[in-house]
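Construct all of the structure, not just a fragment, from the sequences and the given hints.
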Amino acid sequence: MLFSKVFIPILKNDPTEAKIKSHKLMLRLGMIKQSSAGIYSWLPLGFKVMKKIEDIVREEQNRIGAQEILMPTIQSSEIWKESGRYEDYGEEMLRIKDRQNREMLYGPTNEELITDIFRNSIKSYKSLPQLLYHIQWKFRDELRPRFGIMRCREFYMKDAYSFDISDDDALLSYNKFFLSYLRTFKRMELSAIPMAADTGPIGGNLSHEFIILADTGESKIYTDKRIFDVDSNLTTIEKNSLDKMRNDFEKFYSVTDEKFDQKIFENKVPEKYRIKTKGIEVGHIFYFGDKYSKPMNASVDFNGKKEFVKMGSYGVGVSRLVGAIIEAKYDEKNEIMKWPTSVSPYDCSVIPLLNKNDKSNLEKSMKIYNFLKNNKIDTILDDTYESISAKMKKFNLIGIPFQIIIGKKSDEETFEFKKIGEEPKKLKIEEIVKIIKNNK
RNA sequence: CGGGGCGUAGCGCAGCCUGGUAGCGCAUCUGGUUUGGGACCAGAGGGUCGUAGGUUCAAAUCCUACCGCCCCGACCA
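Oh and the first sequence: position 182 is 183 in my numbering, straight run, nothing missing.
Since the hints were made in silico from the structure, they are not lab data.
Treat each hint with caution, since some may be false.
In silico DSS-like links for lysine-lysine, alpha-carbon gap of 25 Å or less [to be verified]:
id: 1; residue 1: K187; residue 2: K52
id: 2; residue 1: K395; residue 2: K13
id: 3; residue 1: K368; residue 2: K357
id: 4; residue 1: K13; residue 2: K334
id: 5; residue 1: K82; residue 2: K124
id: 6; residue 1: K330; residue 2: K307
id: 7; residue 1: K187; residue 2: K279
id: 8; residue 1: K187; residue 2: K441
id: 9; residue 1: K330; residue 2: K410
Pasting the structure below:
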């Protein structure tokens with residue numbers, strides 16, 4: 002894309018309403034535009050990043066055998082009355098009436114809906130396990146939305162649901178998602194730590210939150226430094242391998258606020274390893290057995306006997322991850338954002354010094370730009386006549402991982418190429434393509 | 001929902017106390033000179049001052065109500 006044509010309404014000043022760096026940066030880069038409290042439009046730059054995150058989440062769900070579906074945003078109150086949550090969920094649920102005066106709601110989560118779909122379709126234990134997920138907008142009517150897309154009312158989320166015949170099988174499904182989440186966050190270059198967590202209104206007795214450490218996070222956490230060294234690279238979705246992975250993590254005390262116990266913490270974690278800090282919740286997995294299947298009568302035939310299925314649910318905040326990655330990768334002091342290559346809005350930027358009276362640099366830049374494009378490298382070329390220093394500051398803020406600078410002294414054969422925030426090297430265009438492709 | 005604050009150009013703000021018909025910086029447009037970490041000169045465009053009502057010869061400014069947004073707290077996959 003040419004910078005002169007692309008819709009990136011960039012600002013020089015921070016809007017006053019933004020208090021944390023991800024919110025500030027997203028507004029300055031024109032990634033999002035607030036529509037009302039806690040509700041945002043996604044503009045091209047932000048949308049591109051979110052879609053890349055979504056693709057990674059999807060690939061890692063498919064990789065453990067989960068199947069993608071799409072459920073509606075608007076749900077009927079009927080099924081929520083069946084599960085008992087129509088009353089329990091409270092003011093956070095946005096309730097709507099349609100023209101026939103039927104009670105509807107904008108879904109904050111989908112346990113009831115998926116259970117309804119399941120019970121109508123699956124009748125035999127032989128069809129189990131079933132792992133289903135969708136990626137859809139959710140609405141929770143937060144009392145006080147804040148921090149931009151980090152704590153908003155409308156948000157984009159991947160939620161998955163598992164159905165099994167026994168507790169043992171259900172635990173296997175749970176562990177598959179556990180692994181899937183470790184892989185997902187790793188691909189975004191985030192270290193997300195699993196923490197034993199409270200189950201809240203979802204219910205159940207087994208739950209983990211996946212947390213990224215950040216001062217601006219809203220979750221208080223207590224963990225053991227050594228948990229960062231747990232290696233799950235060789236874990237497969239086989240039962241033994243997954244059990245080992247869970248054991249490796251469970252050796253270390255790692256909990257959120259609600260589960261915290263000072264005595265156990267001090268007992269299990271030597272002082273030098275203790276971490277008490279704040280973090281951002283980017284994923285949450287739950288096992289809740291028959292909490293929904295029983296009241297909603299979701300059962301299968303098992304050796305001539307009716308068995309309620311054992312369920313779990315698994316969420317990833319796709320839109321929240323955009324903010325979480327910024328919190329982790331943005332150096333606010335130096336105004337340099339470093340998108341992980343896997344989610345960066347573009348692969349490479351071309352930053353030329355241009356002069357209206359001398360088109361040679363523009364021609365050279367266009368040549369490079371077209372060459373990169375033909376090699377399937379998503380490139381943005383700044384074809385404006387801003388000063389070169391203004392362009393460099395601007396592109397540091399935008400955060401595309403690779404930059405090609407075309408200055409006054411640039412020659413025809415080699416180009417100034419750099420990884421954002423690092424020192425430049427003079428390289429041939431073929432070498433540049435190779436480096437970018439190897440880092441994708 | 002309790003407490004506090006704010007709504008004036010795309011963004012950041014001044015003007016309001018003491019009423020007289022709207023201003024600054026950045027951004028935008030035109031022309032020119034520039035160019036290695038957010039350049040300079042000259043010119044230009046852009047606002048029913050959140051909305052409604054009231055007081056007044058006259059309201060961004062005073063009064064009333066409403067709406068919206070932000071912050072702290074409580075709450076929260």
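- [ ] Please work out if K368 and K357 have their alpha carbons no farther apart than 25 Å.
- [x] With a Cα-Cα distance of about 18 Å, the restraint between K368 and K357 holds, given a limit of 25 Å.
Task: Given hint K279 paired with K187 - CA-CA distance at most 25 Å - done: 20 Å, holds
Task: Given hint K13 paired with K395 - CA-CA distance at most 25 Å - done: 9 Å, holds
Open item on the list: Hinted pair, alpha-carbon criterion (25 Å max): K82, K124. Please report holds or violated.
Closed with: Status holds; Cα separation ~23 Å.
- [ ] Decide if the proposed pair is consistent with the structure: K330 and K307, CA atoms, cutoff 25 Å inclusive.
- [x] Judged against 25 Å, a Cα distance of about 51 Å means the pair is violated.
Open item on the list: With the threshold set at 25 Å, check whether the alpha-carbon distance from K330 to K410 stays at or below it.
Closed with: Distance of about 32 Å is beyond 25 Å: violated.
- [ ] Measure nothing beyond the straight line between the CA atoms of K187 and K52; if it is 25 Å or shorter, mark the hint as holding.
- [x] The hint holds at about 17 Å.
Open item on the list: Hint check: K13 vs K334, CA-CA at most 25 Å. Holds or violated?
Closed with: 15 Å, holds
TODO: Please work out if K187 and K441 have their alpha carbons no farther apart than 25 Å.
DONE: 14 Å, holds
The structure is inconsistent with the numbered hints 6, 9, although it conforms to all the rest.
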